[in-house]
Amino acid sequence: MKREGFNLVVISLLAALGLSLYVGQMHAAVTMPPEARPLKRHFYKKLNTCDYLEVYVKHQVKLWWDQDKSITGKLLKLLYADCMVNAGAPSYPVFLGRRDGFDSNAAWVDLPSPGISIQQGLAYFQSKGLDQQDYATLLGAHTLGKAHCAYIRDRLYNFRNSGKPDPSMSKASLDKLRKQCPQTLRKGQKDPTVFLTDKNRERYRFTNTYYSNVLSHDSVLGVDQQLLNNYNTTQLVLEYAGSFENLKKGFALSISRMGSRKVLTGEQGEIRQNCRLTNKNNPKIK
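Residues -28 to -1, 1 to 258 (mature numbering (1 follows the signal peptide of the UniProt record, and there is no 0)) make up the sequence shown, in order.
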């Protein structure tokens, strides 16, 4: 693994494991003002409570990594699950032990466009062994995070080459998003990003606001708004918009189903020393 890959794991673990490793220091954070509480690099050093916490964690992770080079993928998978839970998503079982493929080809990358139709989306999921409920449920992850304007510019200005905006988008959302996403960019201007949920307190939270936005035609991505173009997915949108608990139960089930598809174990695959290279193509492996 390259050094930057190892550092990524260290930084992630510092955020995820720091508090649990030193529970005895938690009282210091509890008594701090709210604005000073977020856990970040050098958190304990600045508090003068445990100056060497990061050094200890980094050393411990290095020991683990030296013993088992596959730990990187395992930890990142666990950290993703933990981050989702911390953002409000349900807890779900995370199974380890999967292997990487012996071959890798850029042409095999198979990610659907955020502007595909409901028919294309359902067909794609079906090809992966997933169903309509999985589709409508897993799209709910779009309740948090951002999207580049490049993915929605056609909806705002030239939907399906009509020269007009997507008629399924509410006027309020259209006006707001056009202010954030200009039709053309100035020379050297970076493509802006927009929040998928525009409520300040929910921008990085897993909630059922996503489904309320679908019902009110305020979805940012076209693939999300398309959920109303199918009877079964519309019924799921209505159910999840009305019950966050039902969404959490459904999400835990569907993400577990997705994670169990096409898993390589044992002699079916390998543990890559570098995630970007198969072992046979890794010049550092003799």
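Among these hints, one or two may not hold up.
Simulated restraints on C-beta separations [claimed, not checked]:
1) 75 with 204: 14 to 22 Å
2) 31 with 214: 48 to 56 Å
3) 85 with 242: 48 to 56 Å
4) 55 with 17: 22 to 30 Å
5) 150 with 211: 27 to 35 Å
6) 31 with 253: 12 to 20 Å
7) 89 with 231: 38 to 46 Å
In silico BS3-like links for lysine-lysine, alpha-carbon gap of 27 Å or less [as the list claims (entries may be wrong)]:
8) 171 with 221
9) 171 with 159
10) 136 with 100
11) 162 with 49
12) 148 with 136
13) 252 with 220
14) 34 with 171
15) 148 with 100
16) 171 with 118
17) 148 with 49
18) 162 with 118
Since the hints were made in silico from the structure, they are not lab data.
In this text, a Cβ means the ideal position worked out from N, Cα and C, and glycines have one as well.
Going down the list of hints, with the structure as the test:
{"no.": "1", "hint": "75 with 204: 14 to 22 Å", "verdict": "37 Å, violated"}
{"no.": "2", "hint": "31 with 214: 48 to 56 Å", "verdict": "50 Å, holds"}
{"no.": "3", "hint": "85 with 242: 48 to 56 Å", "verdict": "31 Å, violated"}
{"no.": "4", "hint": "55 with 17: 22 to 30 Å", "verdict": "24 Å, holds"}
{"no.": "5", "hint": "150 with 211: 27 to 35 Å", "verdict": "32 Å, holds"}
{"no.": "6", "hint": "31 with 253: 12 to 20 Å", "verdict": "31 Å, violated"}
{"no.": "7", "hint": "89 with 231: 38 to 46 Å", "verdict": "26 Å, violated"}
{"no.": "8", "hint": "171 with 221", "verdict": "24 Å, holds"}
{"no.": "9", "hint": "171 with 159", "verdict": "31 Å, violated"}
{"no.": "10", "hint": "136 with 100", "verdict": "34 Å, violated"}
{"no.": "11", "hint": "162 with 49", "verdict": "30 Å, violated"}
{"no.": "12", "hint": "148 with 136", "verdict": "16 Å, holds"}
{"no.": "13", "hint": "252 with 220", "verdict": "41 Å, violated"}
{"no.": "14", "hint": "34 with 171", "verdict": "40 Å, violated"}
{"no.": "15", "hint": "148 with 100", "verdict": "36 Å, violated"}
{"no.": "16", "hint": "171 with 118", "verdict": "12 Å, holds"}
{"no.": "17", "hint": "148 with 49", "verdict": "35 Å, violated"}
{"no.": "18", "hint": "162 with 118", "verdict": "15 Å, holds"}
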